[in-house]
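Undergrad: Here is what each chain is made of, one letter per residue.
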Amino acid sequence: MRNPFYDFGPDRYVRQKGAAESSMRNRERILDRLMNGYRRLIDEEAQNLLWPVEHERILRAYTASMERIADFIPEAGDIEEFCALLDGDESSLWVPGPAGVFLSALVNASSETKLELRLKDYGRRFHFLGYLLPEGKTLELNGDAGDFCGAALDGGRLVVGGSTGDWCGAGMLRGTVLIRGDSGEHTGIWMQGGIIHVDGPIRGMGEPRFGGEIRTGEPDSSEEGAGATSSC
Amino acid sequence: MPDLDRILEESWRRVRRKHLFPELPAPVWSDGDDRVGLDVRRKRIHLSRPFVLSASPELENHEVVEGLLDHAVSHHTFCPWNFAVHLRLYGRAKAVLRKKETALRALDAFMDVAADTYCVNAKTGPLPKIYRHLSRSPLDEILHGVYQELWQVDLGIAGTSDLCRRLSRLPYLDRRKWDDSVTRFSKLLRPILEETARDSGDAPCAMGRHGLSRYAPDDIAAGLEQLAAESSGPSEFIELVTDFQDEIHAAAEGSRSGMGRGTGRTFSADRLYYMKLAESFSLPVRRITTELSGSLYPHHHTPWEAGQPVRDMDPWTSFGKILPGITQTWTRVEGRISGPEQKVPDCLIVIDSSASMKNPALCLSHAVLGAACACDAYLRNGAEVAVYNFSDASAGGKRLLPFSRNREEIYETLCHFFGGGTRIRPEDMEPLQTSPPADLFLITDMQLTNLDVLIQYLTTCRNRVTAVHIGMNEQIHSFRGSVQGRNNVDVHAVERMEDIPRIVLGKVGEYLAIREPFQTTSGGKP
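Chain order of the listed sequences is A and B.
Under the working numbering, the first residue of the first sequence is numbered 1, with each subsequent residue one higher.
Under the working numbering, the first residue of the second sequence is numbered 1001, with each subsequent residue one higher.
Since the hints were made in silico from the structure, they are not lab data.
Heads up, some of the hints might be wrong.
Said to hold, decoys possible - Derived pair list, reagent style PhoX-like, types lysine-lysine, alpha-carbon separation capped at 25 angstroms:
| no. | chain 1 | residue 1 | chain 2 | residue 2 |
| --- | --- | --- | --- | --- |
| 1 | B | Lys-1100 | A | Lys-114 |
| 2 | B | Lys-1129 | B | Lys-1100 |
| 3 | B | Lys-1177 | B | Lys-1099 |
| 4 | B | Lys-1177 | A | Lys-120 |
| 5 | A | Lys-120 | B | Lys-1018 |
| 6 | A | Lys-120 | A | Lys-137 |
| 7 | A | Lys-120 | B | Lys-1043 |
| 8 | B | Lys-1100 | A | Lys-120 |
| 9 | B | Lys-1129 | B | Lys-1177 |
As the list claims (entries may be wrong) - Just a sample of chain B residues kept apart from chain A, beta carbon distances all over 10 angstroms, derived:
| no. | residue |
| --- | --- |
| 10 | Ala-1122 |
| 11 | Asp-1180 |
| 12 | Thr-1302 |
| 13 | Leu-1323 |
| 14 | Ala-1355 |
| 15 | Arg-1405 |
| 16 | Glu-1427 |
Just so you know, even glycine gets a beta-carbon here, dropped at the ideal spot from N, CA and C.
With the hints as constraints, model all of the structure from the sequences given.
TA: Here you go:
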């Protein structure tokens, strides 16, 4: 009599592991690594989920973030998935300040020169996007950005498709910030150089400012820039 | 003309083995559309004969059949898996896309990608070949691009778009992340879906739509129960279920036809919510007692020892060996047969639905849930249940349901919310007093304007009374003092709302387990 359990024997069934599963596991590993780095950052920097915005604190968080990803070059897709995780249901992950600083560190550490973040796909408002964005890098934000957008911008080019919150371009050093919508209070406060161009109304100019320009109306060709963007 | 029946039979045998013998009935042919390959109705796969015959000449018939079967079986074994997951994922897609039709289309696409990716990843089959030769709508173009990226197989899509690359990064193979994945999938696909809805309306895709008709009635009942338990409250459940009331009815009732008057139908999602939630608290009370039959039957295994007879050895669990400690032998016990049926008392539920109670349609009312659990227990034990739902009974704020076993009517009366003052009229309950007296469950916050009348009624009636009250107030002290010493009245103080179902279940258990000690289910969800 034939054994009815023959087909269930261990040598009868070999589980395949296809390309989809391999690439999913790779992405999971990368994302786990990013999340571990981010969790350590909020453990160290944001006790009780409290993170007062101070210059020293921001700089320390940024330096710590860069150290966490020192031996890793994030790709556009990794940054997008990190954003999606932050936007997810796990509220303990969401500490707005460190999240934005860590995200800016990822953007700055990426090898890609042009990146796009589809902010309109997320429910949360990300702050500190474009923080210390270096020269030669373009970051396009498709949607509305949060506070401190383009803060301490360091020669890069930040294009915001929607509006920004308060303190846009705070302490900006050089480079360009283009805002298609409105900007909030304290725009350009402590600005030292570069250009902030706002298509829509500016709710309030920041004081003091030590240099740079804030423009409104249609941007000229030098501000517009050109070229395709690689997306993330 | 190829012998399609033979091809189907052989392909099904291969597919069943490949997918580790899923519990599905044998597929059948249908003379459907040549644009849609398959349809699943009540778990049975219907393959479209015109579709298979008109498939590309580059594909053999058996390849098309096997690919379609692979696809259908993967939906059963992986995504969506069951009715509850299906509705939960729909809820996520609907939250993003707002419109039912668009959400359904997004969900269909998501489930196709997940199921096909699982199939191609873990099994060998002709599915990629079929996708390579299918004609494509704009949405299919995107999805096939995603497949090409995910599977690393050339499907003939030239230059996959940025959207395809984004979609292909979602973790379709990770069930735990499906909720987030379907949300992101819907967001990314929204422009294409809206464009498709405008241009081509409700055109089906080649692999068919994934309606709820694919589930058997039992699956729907179990899925609704799971969904009710997982929902954060009635509003979430109601929102999901209301969108599918026609489909749920159709799937549950099937294609009943005939002459004469129909039963008619009503649908109330909040009633369904409490009904299904109460079922997850089901009491293991035996309706009938059993007595020994006098004959022995194999009951359980014990290790065989040298010297024991070899007659009862079980070769299937003994690895083909006769060795003490390894060989298993059957231990026989005497069988039990049904004995005389126990009498289970009927139950009169008295529920307060005044303004001080929670509206069961808006948030989880533990009073209604407690009453529902009690109802469920009595009904399962063959008893009948009557309901007296009152608010300001003197002003007409009351509903009275005579003893009945009709769940729909009972739950409808329980879930009715008046939201007015609180005044009871004991004379309303008089017609429901039977001989022998029914058990009486009273669920209220005791803030009655005529509490003294209620106390007087309860102390004089012959029923066994369980009074469950919420919180603690002056009236409750008064009530407790008045009924103290009465053997037929049990009062339960509820500090937390979640205690209500537990207390009620305990009391029902004591009442109903007449001969054998009763064991309540512990750790049930509130």
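Undergrad: So which of those numbered hints doesn't the model satisfy?
TA: 1, 2, 5, 7, 9, 10 and 11
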